[in-house]
Each structure stands twice: as structure tokens, then as C-alpha cells.
Amino acid sequence: MTIEKRKTIDKIEVVGDYKHIQVRERTDIIEDGAVLSSSYRRWVISPNQDYSNEHADVQAMCQQFHTQEIINSYNTMLSEQTLEETE
Amino acid sequence: MGGYIMASTINADTTNGVVVTSDTSREIKLQSAGADIATVNSTGLAMASGKDLTLSSTALDASASGIYLGGTASANLLDNYEEGSWTPALTATTPVTSVTYLHRTGRYRRIGDLVYVTGAFQISARSGGSGQIVVDGLPFNVSDELPSTAVEANGNCSYFGGLTVAKSSINVWAFGGTTKLYFTATAAAGSTTMPNFNITDTSAANFQIRFTISYITDA
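First to last, the protein sequences are chains U and F.
For reference, each letter of the first sequence is one residue, going 1 to 87 in our numbering.
For reference, each letter of the second sequence is one residue, going 1001 to 1219 in our numbering.
Accuracy of the hints is not assured; some may be wrong.
Claimed, not checked - Pairs of lysine-lysine, BS3-like flavour, derived with a Cα cap of 30 Å:
1. Lys11/U with Lys1180/F
2. Lys19/U with Lys7/U
3. Lys1180/F with Lys1167/F
4. Lys1029/F with Lys19/U
5. Lys1051/F with Lys1029/F
6. Lys1180/F with Lys7/U
Unchecked claim - So the derived label-pair ranges between C-beta atoms look like this:
7. Glu69/U with Gln1122/F: 48 to 54 Å
8. Ala1075/F with Asn72/U: 29 to 35 Å
9. Ser1191/F with Leu36/U: 50 to 56 Å
10. Gln64/U with Asp1113/F: 36 to 42 Å
Please keep in mind that the hints were generated in silico from the structure rather than gathered at the bench.
It should be emphasised that the depicted structure is a prediction, and the values quoted were computed from it without experimental measurement.
Beta carbons are placed, not taken as given, at the ideal position from N, Cα and C, and that holds for glycine.
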């Protein structure tokens, strides 16, 4: 009997006007080739975020979609948000 | 050998079983005691009024398109459900340089474009950082739906500890267009405004917090 824990990036999505890259990691627990259970973990890469430590496929998506134009547009949107600073 | 079954009932009892209707209607009906249970035709499978579709040992796979509830407009389409984990990361408006966690965990449920998250962590060491407490790493981007404000959704903290400044309650809000949560805190003596919850209000050695929030994400 062999039990294996396998992690894979099973979904990479490009979402919204600012091309946020949504990443889903799937973890499978496998016994003798049969999947006993699986679970997901998620995170998001924003346009102005460092992605050098991401999986190569995620990096490729970031390079394609996080252009300087998108980054500038995203940073402009953030700067225009009101923080409701009250203190 | 192929062939056609003309309008007929596949059962000795003519009011039960599979009824194959004439070629012009091109329907197959399942009946019981003379009443329709379900009909299959060119538009699909339709359950008769008052009859339920029950799946006892397998799941309904609607992953390719979703399920309409309460109508058939796009606003009635439920096309996403997912549950999993995320990793909350403590930082501040001027980011912290390092954090050591005793524990941290985050869970999420996504139903359509509504995301419900819980998070909890306790730190044993922190360095750097100033300004308002920020937790980064939400599993889905916070949709920027409300104009002229970054505050897109609000939640609360069910537990906190390791503060250096007394607070009576701590709340959390989601920053539109990001994966960040910001925190506010009411002073022990109360407040007429909603003051920020700052990183300097917490101990660098044992700050801990647990929180929940629901927000809308981009479809």
C-alpha cells in the first residue's frame, strides 16, 4: 500500500479589468493510484505584485497579462480609492 | 437489428412504465399510475410538476454551465461553488518586514460571486511595519462595486488578544480591487468614529486574532 500526497496547480484564472491572476492549488491524497481525498488552496496575484516565486505557469500568465499599462491603470485605481480615514 | 417503436407503452400495465409517444411529438415519458413523472424531448429532460429529481448516490454535475434558481435570467444563474483554504498574511499600510506565526489558518466558501472567509493567526515575533493593520492573501479578488470608496464589505472579529492598547471591539473591511482586509477598532471608552486598528496597538510577541467576512468577487 502506497500513500502519496500530490500538489498541483490545477487552475489559473485571469479575472476582472485589472487582470488579477487567481491561482488554485489542488492537493490529492492518493492510495495505490486512487484519490482518497482532495482539497483546494487559493491565492491571487495582483498587477503590482511580485510573482518571481510563483510556479512557472503562473509566472507566464503574469508576464502576459500584467503589462505596464495594466499595472499603471491598477495603481491609479488604488490611489483613487478613499480609505475612510477617520482617526 | 435497428427499428422504431411507435407510440406504445413498454409495460404490461398501460398506465405505468416508459411511454414512447408518436413520431411527431418525439417524446419519451416516464409514467406512474397514469401520471407523468418526467418527459424527455428535444429540449431536454423535464420533471412533471410536483415531481422531484433525486440523486441518492451521486452528485449532479452542472460544472459546465451552472443551475438556474428562481428564473432563467443571468441574474438567476448559480455557476460556482467551491471551498478550500487560504493563507492570511499579517502586514500593515507600511508593510512589516517579517512575521513569525505560532499558527495561522484560513478557510473559504464561494457561492456564486459571494465569498465567505474565516481566518485566524497568532504571531510569536514581528518586525517593522507601521500604520493600519492589513491582512493580505484573500482567496479571491474583492470586487470594486461601490463607487468612491474602498470599503466594499464588512466583517467582525470574534476573538483577539495580545493588544498593547485597550480596545472594546475590532472590525474588518475588504478593500475593493485587492486581496486585502483592513481593520478598525473601537477604543475601550467608545468612539464617535471608527478609528483604525494600528499595528502599534498590538504586541509583536503574541498578537492573535480571529475574524470572518463575506464579500463579492469578480465573476
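So the hint says 48 to 54 Å: do the beta-carbon atoms of glutamate 69/U and glutamine 1122/F match that? Given a distance of about 41 Å, which is not inside 48 to 54 Å, the answer is violated.
Do the alpha carbons of lysine 1180/F and lysine 1167/F lie within 30 Å of each other, as the hint requires? Distance of about 22 Å is within 30 Å: holds.
With the threshold set at 30 Å, check whether the alpha-carbon distance from lysine 1051/F to lysine 1029/F stays at or below it. Cα-Cα ~13 Å, so holds.
Glutamine 64/U and aspartate 1113/F, beta-carbon distance inside 36 to 42 Å? violated (25 Å)
Taking the beta carbons of alanine 1075/F and asparagine 72/U, is their distance inside 29 to 35 Å? holds (33 Å)
Does 50 to 56 Å hold as the CB distance between serine 1191/F and leucine 36/U, or does it fail? Holds: the Cβ-Cβ distance is about 51 Å, inside 50 to 56 Å.
For the pair we were handed, lysine 1029/F and lysine 19/U, check the Cα-Cα distance against 30 Å. violated (48 Å)
Has the given pair, lysine 19/U with lysine 7/U, been kept, meaning a C-alpha gap of at most 30 Å? Given pair lysine 19/U, lysine 7/U holds - Cα atoms ~25 Å apart, limit 30 Å.
Below or equal to 30 Å on CA atoms is what counts here, so check lysine 11/U against lysine 1180/F. Given that 30 Å is the threshold and the Cα spacing comes to 21 Å, the pair holds.
Run the distance test for lysine 1180/F versus lysine 7/U: straight-line Cα separation, threshold 30 Å. holds (26 Å)
Of the numbered hints given earlier, the model fails hints 4, 7, 10; all others are met.
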